[in-house]
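Q: Quick mapping for you: the protein sequence lines, in order, are chains X and H.
Numbering-wise (the working numbering), the first sequence opens with residue 1 and increments by one.
Numbering-wise (the working numbering), the second sequence opens with residue 1 and increments by one.
Heads up, a few of these hints could be off.
Here chain X is said to cover these stretches of chain H; the calculated rule only asks that three of the stretch's residues, wherever they fall, bring their Cβ under 8 Å from a Cβ of chain X [stated by the list, open to error]: (1) 39-46; (2) 50-59; (3) 103-109.
Each pair of labels, with its calculated beta carbon distance range [stated by the list, open to error]: (4) H:M40 to X:F64: 22 to 32 Å; (5) H:N71 to X:E61: 31 to 41 Å; (6) X:Q69 to H:R9: 35 to 45 Å; (7) H:G97 to X:Q14: 40 to 50 Å; (8) H:D56 to X:K55: 23 to 33 Å; (9) X:P112 to H:E101: 25 to 35 Å.
Simulated from the structure, these hints should not be mistaken for laboratory data.
Backbone N, C-alpha and C define an ideal beta-carbon position, used for all residues, glycine too.
Spelled out, the chains give:
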Amino acid sequence: AQTVTQSQPEMSVQEAETVTLSCTYDTSESDYYLFWYKQPPSRQMILVIRQEAYKQQNATENRFSVNFQKAAKSFSLKISDSQLGDAAMYFCAYRGGNMLTFGGGTRLMVKP
Amino acid sequence: DAGVIQSPRHEVTEMGQEVTLRCKPISGHDYLFWYRQTMMRGLELLIYFNNNVPIDDSGMPEDRFSAKMPNASFSTLKIQPSEPRDSAVYFCASSLGALPEQYFGPGTRLTVT
Chain X
1 AQTVTQSQPE MSVQEAETVT LSCTYDTSES DYYLFWYKQP PSRQMILVIR QEAYKQQNAT
61 ENRFSVNFQK AAKSFSLKIS DSQLGDAAMY FCAYRGGNML TFGGGTRLMV KP
Chain H
1 DAGVIQSPRH EVTEMGQEVT LRCKPISGHD YLFWYRQTMM RGLELLIYFN NNVPIDDSGM
61 PEDRFSAKMP NASFSTLKIQ PSEPRDSAVY FCASSLGALP EQYFGPGTRL TVT
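Chain X on its own, in the form it takes in the complex (with noise of 0.2 Å):
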């Protein structure tokens, strides 16, 4: 089965400032997707990123950006100029096949 870690329970950042997120999983399979979904106190959950397993390319959505690291099974989000409204749970998926595996999550604080 799969498993998606993410080792941060909680990370704080400066506005304006950049802070990255970790997540590590493990498979056994080649052909899979990563994601990092954002819950604010809203608790809706919110498609930040997604990444191919196939890409070697990082993907990035404006001031979101991964560092994928197949071989080391490694996936982080890196937020880059840091507003409030990025404080929120952030989660990593993992989906092979139909099915989302989920970590943790990490609280993100952002300090005005």
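Given chain X's structure and the hints, the job is docking chain H onto it.
A: Same frame as chain X, now just chain H:
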């Protein structure tokens, strides 16, 4: 476009009562997923459907839980009888065909007293 719709947003019920959670997926999506989120277990998949047919229900905790999808635009998750340990946020998500993204509804916060 409307996203995934769930109702109710909040539900408070007494132990032993029947609870029904409802979900309307994004129009045209052919996969529907039910997840449960708790502090202890995080986000876990309960069941998912493809073209209204249940494909994998291995995450359903026990026989008190049941899910149906009578048509492409509606699904229910029922708990009967409910217990305090069922208190959680229940999410519905949908996706389209081979596309990997799942889109989540706002969730239903269930409290069983």
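Q: A separate judgement is required for each hint: does it hold in the structure or not?
A: The hints, checked one at a time:
| no. | hint | result |
| --- | --- | --- |
| 1 | 39-46 | holds (count 4) |
| 2 | 50-59 | holds (count 3) |
| 3 | 103-109 | holds (count 5) |
| 4 | H:M40 to X:F64: 22 to 32 Å | holds, 29 Å |
| 5 | H:N71 to X:E61: 31 to 41 Å | holds, 34 Å |
| 6 | X:Q69 to H:R9: 35 to 45 Å | holds, 39 Å |
| 7 | H:G97 to X:Q14: 40 to 50 Å | holds, 42 Å |
| 8 | H:D56 to X:K55: 23 to 33 Å | holds, 27 Å |
| 9 | X:P112 to H:E101: 25 to 35 Å | holds, 32 Å |
Against the hints set out earlier in the document, no violation occurs for any number.
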